[in-house]
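J.: Since the structure of chain A is already known, use the hints to place chains B and C on it.
Listed below are the residues making up each chain.
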Amino acid sequence: MIPELHVGWVLFAGAIGLIAIGVGGLLMSRDLFRVVLALAITEAGANLLLVLSGYRFDAIAPIVTNEVGGVMVDPVPQAMVLTAIVIGVGVQALALGLVLRIYRAYGSIDVAEVRRRMDDDIAAEAGLPLPSGREKPAVHS
Amino acid sequence: MNAIVLPVVLPLLAAFLLPSLARIWSSAARVLGPVLMLVSLCVLWTTWGEHPTPFVVALGGFQPPMGIAFHVDSVAMLFAFLVAGGALLMWPAWTDDDTMPRLAALTLLLVAAATGLALSGDLFNVYVFYELLSVASFGLVSARRTGAAFAAGFRYLVISGFGSVLALLGIALIYLRTGTLNIAHLGQLAPESLADPFGLAAFALLLLGFGVKAELFPVNTWVPEVYAGSSARVAGLLAGVVSKLAVLVVVRMLVVVFPHDETRMLLLILGVVGVLSGELAAWSAKDMRRMLAFSSIGQLGMIFIAFSIPGEAGWVAGLALVLHHLVVKSGLFLIADRWGGALQSLTGAARVSPFTAGLFVLFALSLIGVPPLPGFWAKLQLVIGLVENGNGVYLGALLVFLAATVIEANYLFRLAVAMYAEGASSTVTAPSGGNRIGAAIFAAVLVAAVFLLNPLSEAIDDLAVVGNDATGYMDSLAGGAR
Amino acid sequence: MRKAAALLFTLGLLFLLSVMFLRFELGQAPMRIGKDILAAAPEQVGAANIVTSVVLGYRGLDTLGEIAILFTAATATGLILSGLGGGQRRDPEGGFILRHGADLVFPFLMLVGMYIVVHGHLTPGGGFQGGVVLAAAFFLPLLARPSRAVSHSALGWIEGLAGASFIVIGLWALTLDQAFMTPWLHQGVLGELFSAGTLPLLYLALGLKVGAELASLLAHLAEVEASE
Numbered sequence: 001m002i003p004e005l006h007v008g009w010v011l012f013a014g015a016i017g018l019i020a021i022g023v024g025g026l027l028m029s030r031d032l033f034r035v036v037l038a039l040a041i042t043e044a045g046a047n048l049l050l051v052l053s054g055y056r057f058d059a060i061a062p063i064v065t066n067e068v069g070g071v072m073v074d075p076v077p078q079a080m081v082l083t084a085i086v087i088g089v090g091v092q093a094l095a096l097g098l099v100l101r102i103y104r105a106y107g108s109i110d111v112a113e114v115r116r117r118m119d120d121d122i123a124a125e126a127g128l129p130l131p132s133g134r135e136k137p138a139v140h141s
Numbered sequence: 142m143n144a145i146v147l148p149v150v151l152p153l154l155a156a157f158l159l160p161s162l163a164r165i166w167s168s169a170a171r172v173l174g175p176v177l178m179l180v181s182l183c184v185l186w187t188t189w190g191e192h193p194t195p196f197v198v199a200l201g202g203f204q205p206p207m208g209i210a211f212h213v214d215s216v217a218m219l220f221a222f223l224v225a226g227g228a229l230l231m232w233p234a235w236t237d238d239d240t241m242p243r244l245a246a247l248t249l250l251l252v253a254a255a256t257g258l259a260l261s262g263d264l265f266n267v268y269v270f271y272e273l274l275s276v277a278s279f280g281l282v283s284a285r286r287t288g289a290a291f292a293a294g295f296r297y298l299v300i301s302g303f304g305s306v307l308a309l310l311g312i313a314l315i316y317l318r319t320g321t322l323n324i325a326h327l328g329q330l331a332p333e334s335l336a337d338p339f340g341l342a343a344f345a346l347l348l349l350g351f352g353v354k355a356e357l358f359p360v361n362t363w364v365p366e367v368y369a370g371s372s373a374r375v376a377g378l379l380a381g382v383v384s385k386l387a388v389l390v391v392v393r394m395l396v397v398v399f400p401h402d403e404t405r406m407l408l409l410i411l412g413v414v415g416v417l418s419g420e421l422a423a424w425s426a427k428d429m430r431r432m433l434a435f436s437s438i439g440q441l442g443m444i445f446i447a448f449s450i451p452g453e454a455g456w457v458a459g460l461a462l463v464l465h466h467l468v469v470k471s472g473l474f475l476i477a478d479r480w481g482g483a484l485q486s487l488t489g490a491a492r493v494s495p496f497t498a499g500l501f502v503l504f505a506l507s508l509i510g511v512p513p514l515p516g517f518w519a520k521l522q523l524v525i526g527l528v529e530n531g532n533g534v535y536l537g538a539l540l541v542f543l544a545a546t547v548i549e550a551n552y553l554f555r556l557a558v559a560m561y562a563e564g565a566s567s568t569v570t571a572p573s574g575g576n577r578i579g580a581a582i583f584a585a586v587l588v589a590a591v592f593l594l595n596p597l598s599e600a601i602d603d604l605a606v607v608g609n610d611a612t613g614y615m616d617s618l619a620g621g622a623r
Numbered sequence: 624m625r626k627a628a629a630l631l632f633t634l635g636l637l638f639l640l641s642v643m644f645l646r647f648e649l650g651q652a653p654m655r656i657g658k659d660i661l662a663a664a665p666e667q668v669g670a671a672n673i674v675t676s677v678v679l680g681y682r683g684l685d686t687l688g689e690i691a692i693l694f695t696a697a698t699a700t701g702l703i704l705s706g707l708g709g710g711q712r713r714d715p716e717g718g719f720i721l722r723h724g725a726d727l728v729f730p731f732l733m734l735v736g737m738y739i740v741v742h743g744h745l746t747p748g749g750g751f752q753g754g755v756v757l758a759a760a761f762f763l764p765l766l767a768r769p770s771r772a773v774s775h776s777a778l779g780w781i782e783g784l785a786g787a788s789f790i791v792i793g794l795w796a797l798t799l800d801q802a803f804m805t806p807w808l809h810q811g812v813l814g815e816l817f818s819a820g821t822l823p824l825l826y827l828a829l830g831l832k833v834g835a836e837l838a839s840l841l842a843h844l845a846e847v848e849a850s851e
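Residue numbers (the numbering used here), protein chains in the order written: chain A, 1 to 141; chain B, 142 to 623; chain C, 624 to 851.
Check each hint, because a few of them may be wrong.
[As the list claims (entries may be wrong)] Think about it this way: if two alpha-carbon atoms lie no more than 16 Å apart in a straight line, the pair counts; the simulated EDC-like pairs of lysine to aspartate or glutamate are:
(1) C/K658 - A/D58
(2) B/K427 - A/D119
(3) C/K626 - A/D31
(4) B/K427 - A/E125
Simulated from the structure, these hints should not be mistaken for lab results.
Next up, chain A with everything else stripped away, as it sits in the complex (with noise of 0.2 Å):
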């Protein structure tokens, strides 16, 4: 016998699996493509999680119609997601457009070697020797 598995149940295992997922891959990424993908499967699951704060198993859609409907779900937590998905996919794409120039700028999207370049270029700007212990920054056209 498969014991009975509510669907709320499921939903909530997977808004919670996929914050640790999110969570993992942020901090343990090399890439910063993945770094960016990772932080976009963490506002999933905190998306998912907050429309699942308003849901009741019993319940329609928030949407008046002719025929006689039962109770209706909170549409509050709709909203809010809805807004908050917007605003997640804005952040991802200035994200996506960051990777692009660092690429560009730096000629790899390495977690380390982005970070290090970065530590020198602020140094060489201060005129400070570098942290790399190289002379100048490596220029990347």
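T.: Structure of chains B and C alone, referenced to chain A:
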């Protein structure tokens, strides 16, 4: 009274049209922004004169727990003034190339979001404005278009995005428990539904989420490279003005919704760690930009310590430190525009520009807290608050605070003395005229505060009473929106 | 070492979140303001789709903030990608089927997008969903014919004017001595196309703005990518 939305909405309207408008009217980008800041200041001034605070504006005409409301009290008004005034003095979009319209639009969006944060009385609306603030600042930070600016902007975006997810989780948790989003309504429901470990967890999530902009300890690793990689005016705006709005949001939630010992302790501990780590890092910094960035982490830690003190004493100290840091750090970042490089290159800089060096010394003395400058008074309020509170943890925080002040004095004096060193000639050039004038205005405000200390301290006392009055905040909801 | 710490942190977070959210009675949301809104919305706002009443009525300011964020992201992306010497894209032209298929689908995508936008207050859908379909309609020909240039100034005017009209509709309420964003047109009959006061107008502005914004974002990214 409905006109209070104008300082939020008009900058948005202008920003939407600006990039296109600048194609047919090229000086639009130059004129529109500063003019709008002046208009905002006028609107705020007349609204404040006509209507006794606090009042609530129900946006869309829907009564507050259902709809979004602006909760306007004198603290919110103060912060709205600071945003418009600070943006006017540090307007970052003065370049002459084709990026100016976009820069001006981003600055307008930043201002609209910051004003919205000050006025909004709805948790999710606060989140939306906070995100708008974040995205606008990512754009401004990367606007220098160097590799370092892009990389710093990207790191900022990722940390900030992670913080937003945490804040969103906190909001989901709060909504699951209470089923409402209005902050005053949450305050009324909090004793029965949020005064438990879940409430504490929700507060911790919100704290980490909104703490990113407030340079709170574990989520502030973006600070040094962002302030070093972006233009000095943007850094000044972020450190001086934007961070204070995030502090206001966190403190509002603390006072109205989560007034518990545990939450205060959490804020206190994170503040203490911030002070220690920030000041130590500033002490070992080798260039002025990053020294200022780390010192601002330390100063914001002090502000968090102040607000963690229960009662009005905490608010007095917190507001005094907020105002003081806003004036001083903004002025210092304006100076750092040309003087931001290695500290060694500043040896003998007083000969290049005695005026700028004098301003630096003035700001530095106030930052350390040398009487009679206002910084002394602000730090004194913090010491009084900590001592009056008496118990062990706060006394420990006092010790850390005093040690941090010694460190602060050491690195700032070291630099000031070097600037006036005999016989050395510095390679730096004098800061541009606009920056010198801006820094001079901030210095004038600082000196004026010395002479106006009495009325100023009375005003801060009044503001502290309003800020600390959680029941007053909640009652304005019960009184109904006008 | 760093990986192990990251893994540990992730597992800890997973555990904490599970414990936290498993303690709640799932599917029994308290719905404190939700119930009030469900009861009052058909009367107060007059939109059959109550989520739309929330998005444009009760939480209209959030929606303004959200289109502002999308605009900010598009502006910032334009700012950081400008000066990259975009130039002509060098992707090969699409084949016969792709090009003519794109032309064929274009009017239908426009129709579907506009339908979703205009019926946002009656059916599931609305400005965002429809706006995304509109953006796809404009972006599809671009994929089929990479050499075709996008008119960024036209897109800029569309998004600017659409956003401005959203705000002006909201500000108009101030002249009637109402708060910002108060619906001021006649409510009409629940469930008809011309109902719900200013909401359909707001959704129209929103749909155009979102469509133009996403199209220009995609075009910016595509131009840079092609000029590698």
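J.: Against the earlier hints, flag every one the structure doesn't satisfy and list their numbers going up.
T.: none
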